[in-house]
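Residue numbers (our numbering), protein chains in the order written: chain R, 1 to 152; chain W, 1 to 733.
Heads up, some of the hints might be wrong.
As the list claims (entries may be wrong) - In silico SDA-like cross-links for lysine to any residue, where the CA-CA straight-line distance does not exceed 20 Å:
1. W:Lys221 with R:Lys116
2. W:Lys286 with R:Leu13
3. W:Lys212 with R:Ala89
4. W:Lys286 with W:Pro243
5. W:Lys221 with R:Val15
6. W:Lys212 with R:Ala141
7. W:Lys221 with R:Leu13
8. W:Lys202 with R:Val80
9. W:Lys286 with R:Ala141
10. W:Lys257 with W:Lys231
11. W:Lys286 with R:Val15
12. W:Lys212 with R:Glu90
13. W:Lys286 with R:Lys79
14. W:Lys339 with W:Asn467
15. W:Lys221 with R:Gly63
16. W:Lys231 with R:Leu31
17. R:Lys79 with W:Pro243
18. W:Lys221 with R:Glu145
Keep in mind that the hints were calculated from the coordinates and are not lab data. Computed from a predicted model, the values in this text were never measured in an experiment.
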Amino acid sequence: MVAFSLNGEARTLDVDPEMPLLWAIRDVTGLTGTKFGCGLAQCGACTVHVDGMPTRSCQIMVGDVEGASITTIEGVSGKVGEMVHAVWAEFDVPQCGYCQSGQIMSAVALLTETPKPTDADIDSAMSGNLCRCATYQRIRAAIHEAAHRLEA
Amino acid sequence: MLPFRLNRSAVQPTRRQFLLGTAATAAGLAVGYRLIAAAPAGAQSAPEATEANPFQTYVEITPENQIVIRSSQFEMGQGAYFGIATLVMEELEGDWNQVDVVGGSGNSAAYGNLAWGGAMQGTGGSTSMASSWERYRKAGAAARTMLVAAAAERWDVPAEEITVASGVVSHASGKQANFGELSEAAAAMPIPDDVPLKPRDKWTQIGSDSLKRYDSPGKTKGTQTYTIDLKMDGLVTAVMIHPPKFGAEVESFDASKAKALEGIVDVVQTPRGVAVIGRDMWTALKGRDLVEVTWNEANAEKRGTAEITAEYNRTADGAGAATARNDGDTAAALANADKVIEGHYEFPYLVHASIEPLNAVARLNEDGIVDVWGGHQMPDLYQAVAAQVGGTTPDKVRLHVMKTGGSFGRRAVSDADLIVESVAIARALGPGKPVKVQWTRENDMRGGRYRPAYVHAVKAGLDTDGNVVALYDHIVGQSIMSGSPMAAMIKDGIDPTSVEGATNLPYAIPNLKVELTTTDVKIPVLWWRSVGSTHTAYVMETLIDELAAAANRDPVEFRLSMLSKHPRHAGVLRLAAEKAGWGEPLPEGRFRGVALHESFSTYVAEVVEITYNGGSDFTVDRVVCAVDCGTAINPDQIRAQMEGGIGFGLGAILQEELTLTGGVVDQENYDTYTPLRIDQMPRVEVHIVPSDEPPTGVGEPGVPPIGPAVANALRAATGETVRKLPITKNLSA
Numbered sequence: 001m002v003a004f005s006l007n008g009e010a011r012t013l014d015v016d017p018e019m020p021l022l023w024a025i026r027d028v029t030g031l032t033g034t035k036f037g038c039g040l041a042q043c044g045a046c047t048v049h050v051d052g053m054p055t056r057s058c059q060i061m062v063g064d065v066e067g068a069s070i071t072t073i074e075g076v077s078g079k080v081g082e083m084v085h086a087v088w089a090e091f092d093v094p095q096c097g098y099c100q101s102g103q104i105m106s107a108v109a110l111l112t113e114t115p116k117p118t119d120a121d122i123d124s125a126m127s128g129n130l131c132r133c134a135t136y137q138r139i140r141a142a143i144h145e146a147a148h149r150l151e152a
Numbered sequence: 001m002l003p004f005r006l007n008r009s010a011v012q013p014t015r016r017q018f019l020l021g022t023a024a025t026a027a028g029l030a031v032g033y034r035l036i037a038a039a040p041a042g043a044q045s046a047p048e049a050t051e052a053n054p055f056q057t058y059v060e061i062t063p064e065n066q067i068v069i070r071s072s073q074f075e076m077g078q079g080a081y082f083g084i085a086t087l088v089m090e091e092l093e094g095d096w097n098q099v100d101v102v103g104g105s106g107n108s109a110a111y112g113n114l115a116w117g118g119a120m121q122g123t124g125g126s127t128s129m130a131s132s133w134e135r136y137r138k139a140g141a142a143a144r145t146m147l148v149a150a151a152a153e154r155w156d157v158p159a160e161e162i163t164v165a166s167g168v169v170s171h172a173s174g175k176q177a178n179f180g181e182l183s184e185a186a187a188a189m190p191i192p193d194d195v196p197l198k199p200r201d202k203w204t205q206i207g208s209d210s211l212k213r214y215d216s217p218g219k220t221k222g223t224q225t226y227t228i229d230l231k232m233d234g235l236v237t238a239v240m241i242h243p244p245k246f247g248a249e250v251e252s253f254d255a256s257k258a259k260a261l262e263g264i265v266d267v268v269q270t271p272r273g274v275a276v277i278g279r280d281m282w283t284a285l286k287g288r289d290l291v292e293v294t295w296n297e298a299n300a301e302k303r304g305t306a307e308i309t310a311e312y313n314r315t316a317d318g319a320g321a322a323t324a325r326n327d328g329d330t331a332a333a334l335a336n337a338d339k340v341i342e343g344h345y346e347f348p349y350l351v352h353a354s355i356e357p358l359n360a361v362a363r364l365n366e367d368g369i370v371d372v373w374g375g376h377q378m379p380d381l382y383q384a385v386a387a388q389v390g391g392t393t394p395d396k397v398r399l400h401v402m403k404t405g406g407s408f409g410r411r412a413v414s415d416a417d418l419i420v421e422s423v424a425i426a427r428a429l430g431p432g433k434p435v436k437v438q439w440t441r442e443n444d445m446r447g448g449r450y451r452p453a454y455v456h457a458v459k460a461g462l463d464t465d466g467n468v469v470a471l472y473d474h475i476v477g478q479s480i481m482s483g484s485p486m487a488a489m490i491k492d493g494i495d496p497t498s499v500e501g502a503t504n505l506p507y508a509i510p511n512l513k514v515e516l517t518t519t520d521v522k523i524p525v526l527w528w529r530s531v532g533s534t535h536t537a538y539v540m541e542t543l544i545d546e547l548a549a550a551a552n553r554d555p556v557e558f559r560l561s562m563l564s565k566h567p568r569h570a571g572v573l574r575l576a577a578e579k580a581g582w583g584e585p586l587p588e589g590r591f592r593g594v595a596l597h598e599s600f601s602t603y604v605a606e607v608v609e610i611t612y613n614g615g616s617d618f619t620v621d622r623v624v625c626a627v628d629c630g631t632a633i634n635p636d637q638i639r640a641q642m643e644g645g646i647g648f649g650l651g652a653i654l655q656e657e658l659t660l661t662g663g664v665v666d667q668e669n670y671d672t673y674t675p676l677r678i679d680q681m682p683r684v685e686v687h688i689v690p691s692d693e694p695p696t697g698v699g700e701p702g703v704p705p706i707g708p709a710v711a712n713a714l715r716a717a718t719g720e721t722v723r724k725l726p727i728t729k730n731l732s733a
């Protein structure tokens with residue numbers, strides 16, 4: 001049994017504690033917005049927040065998040081999250097969209113920590129998130145725009 | 001991402017064809033395809049006498065007032081669904097809040113790709129808008145006409161007095177109805193004989209720069225369902241064990257330890273390997289580690305890429321096995337040339353590496369129907385294959401076309417590998433037991449179907465006036481079509497996908513010869529975003545640039561001087577050069593490069609700026625792209641595809657390479673196979689040439705020019721053309 005908070009809701013899962021958090025979220029709780037891409041923390045598609053920190057859920061065992069607060073793409077809320085969602089859609093950032101849950105989780109964490117990120121901050125925070133459609137230019141523009149509007 | 005060039009005569013359907021595509025000829029691909037796909041359900045010629053009801057084929061309007069558009073074209077991120085919805089909405093006058101798009105299938109008469117001749121459904125060759133241009137506008141117009149007719153009858157007023165706007169049907173008397181309220185009556189109205197389409201100056205959707213993708217919100221909130229996300233009662237997950245070498249087969253396997261693991265459902269052999277089936281992904285993966293497989297490698301490919309490339313280089317020095325283009329007398333002209341540039345180019349295998357690893361879901365049902373969910377980029381073919389593997393007939397196969405996390409060509413695969421695996425496993429499990437086959441990243445990367453490796457041996461000559469007098473290219477590599485249902489496209493030893501981009505070189509060069517030697521290697525290959533142009537454009541555009549330098553000519557002016565008969569090529573080149581400030585001085589350490597290429601009837605020129613820091617250290621800072629794709633349907637999506645194509649192509653030429661050692665793939669994951677990341681993405685500016693020509697595609701044509709444009713900028717910096725890819729590994733330090 002592993003107990004943690006998932007998108008603000010207390011959950012107790014009867015799972016193998018060695019199961020990666022990614023598969024516990026997807027296959028056990030049924031929240032599928034968090035994606036599987038590589039299983040090796042190389043693509044960032046599985047990024048969630050663990051106590052606010054962007055974390056590759058494929059590389060952390062569910063047993064290790066006992067008592068933690070997990071946020072997935074489905075649980076993104078608040079001023080920063082809503083702004084990122086809005087700007088992302090407005091800029092038509094996604095193409096296939098598959099990596100975008102992870103991109104958004106990284107972007108929300110970045111903007112929460114660094115309200116006015118530079119290009120270098122964006123490179124550093126976002127370079128762990130692959131986008132095979134290469135929507136990077138719009139990701140960068142959307143982050144700057146979200147920062148700008150949040151400041152206003 | 002199929003390579004078939006636009007068949008312009010086929011893209012303009014007659015009135016009778018517009019809804020059914022009935023009289024479209026079975027050209028090219030369709031001929032080859034029929035060799036294996038005997039008769040998929042509904043694929044037979046539709047009766048000529050009746051028009052299809054648009055409400056049953058293209059535009060379903062639900063009583064709840066939803067507009068559900070059935071797309072013939074597959075959505076892998078490139079925006080085909082949005083493009084088709086734009087065409088329908090232009091004529092239908094609906095409200096975008098009502099719109100959803102789903103994949104149609106099982107009716108090639110309705111969904112056959114008109115740019116391929118219309119007989120077979122499929123997505124590739126950047127043809128989605130060309131195929132859909134008339135069909136979906138006419139479907140939207142017919143549906144609107146029938147809605148109006150239904151309202152006229154209900155309100156007992158003349159149809160001419162009824163207007164439609166933003167999903168509301170209105171009469172001057174104040175009567176109003178939404179589409180949903182009229183849908184049932186409308187579907188029973190006579191199908192209009194002829195529907196005039198809006199003239200260009202009345203368009204509000206086509207060409208609109210403010211129109212946003214209807215599907216962005218779902219992709220932003222994690223709510224779009226991909227194949228990996230499917231849920232259904234009793235669904236289990238299968239993970240695969242594939243042979244370590246291509247062509248090896250299962251000799252035997254021991255699954256006793258895996259089967260003892262709690263949660264493992266079964267372990268079964270498939271045509272290609274062994275499937276380990278578990279209640280969830282993690283359990284299946286744990287079980288997979290416990291299965292021991294013995295492989296029979298008698299027929300396996302045991303060579304590595306080093307040996308293969310060495311062999312290609314030797315072959316390239318000899319004469320080609322087939323001649324794809326032969327103008328003038330290239331050998332004589334080269335012998336008499338004032339200056340000759342020659343060398344070998346080497347291109348590695350490349351992986352599509354979509355972030356959603358390949359997958360499919362299949363279920364056999366008690367009533368004999370086989371359901372298959374997945375990235376059905378070639379639905380008719382997959383229906384036929386699913387029937388064969390499922391032991392039934394195509395009319396008993398029900399495809400569910402999912403939107404996928406990328407494809408780049410990989411979901412259009414002639415052996416339908418995921419369909420075979422999913423249906424074979426579902427059959428082994430028995431009726432009523434759905435199974436999701438989910439490849440891991442390692443399965444995906446080592447699973448084959450790569451952009452083939454190629455070697456080009458080139459020679460090009462200038463006369464004393466600096467004119468190009470001759471160009472010779474001998475291309476050596478595997479055929480994509482050979483051994484596939486498309487093999488009928490190979491004529492006189494020439495697979496068109498091996499030479500496209502070279503054989504249609506637009507420059508006025510009096511002596512031009514392109515030869516091809518197709519090699520026999522058992523590494524499975526496939527089309528990869530922009531197909532032949534991924535290598536031919538690099539060769540031709542770096543060679544032309546080197547010739548310009550040897551002739552002391554400006555690269556842009558040099559190209560233009562050979563393009564007098566190709567105004568659309570010249571147009572994009574001029575536009576890109578102008579917008580990039582071509583010729584203006586650059587700061588110390590910065591260099592420009594240009595490249596121009598037409599693929600799939602779309603013309604693209606790109607000018608790059610790099611910062612060269614010495615050795616192999618450089619950054620690509622800026623790309624100015626000009627594109628002529630005919631009528632711009634969704635301008636912002638054209639920009640998006642150019643931006644994405646540039647990033648996709650740039651990653652490949654900089655740093656992507658798949659190698660094999662002793663027949664075993666060396667790269668397994670994104671740590672060693674390395675697509676572009678955000679910190680490497682240049683600033684991209686896209687300029688669209690205004691045009692009234694029919695629309696062509698944008699999914700692929702942004703890719704080919706970026707490689708040679710970067711290489712040409714590097715040559716400007718270093719004096720050397722990098723002829724061996726990827727660049728970062730081979731740029732001399």
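Results for each hint:
no.: 1; hint: W:Lys221 with R:Lys116; verdict: violated (23 Å)
no.: 2; hint: W:Lys286 with R:Leu13; verdict: holds (19 Å)
no.: 3; hint: W:Lys212 with R:Ala89; verdict: holds (8 Å)
no.: 4; hint: W:Lys286 with W:Pro243; verdict: holds (18 Å)
no.: 5; hint: W:Lys221 with R:Val15; verdict: violated (27 Å)
no.: 6; hint: W:Lys212 with R:Ala141; verdict: holds (16 Å)
no.: 7; hint: W:Lys221 with R:Leu13; verdict: violated (24 Å)
no.: 8; hint: W:Lys202 with R:Val80; verdict: violated (40 Å)
no.: 9; hint: W:Lys286 with R:Ala141; verdict: violated (41 Å)
no.: 10; hint: W:Lys257 with W:Lys231; verdict: violated (28 Å)
no.: 11; hint: W:Lys286 with R:Val15; verdict: holds (14 Å)
no.: 12; hint: W:Lys212 with R:Glu90; verdict: holds (7 Å)
no.: 13; hint: W:Lys286 with R:Lys79; verdict: violated (41 Å)
no.: 14; hint: W:Lys339 with W:Asn467; verdict: holds (10 Å)
no.: 15; hint: W:Lys221 with R:Gly63; verdict: violated (27 Å)
no.: 16; hint: W:Lys231 with R:Leu31; verdict: holds (11 Å)
no.: 17; hint: R:Lys79 with W:Pro243; verdict: violated (50 Å)
no.: 18; hint: W:Lys221 with R:Glu145; verdict: holds (18 Å)
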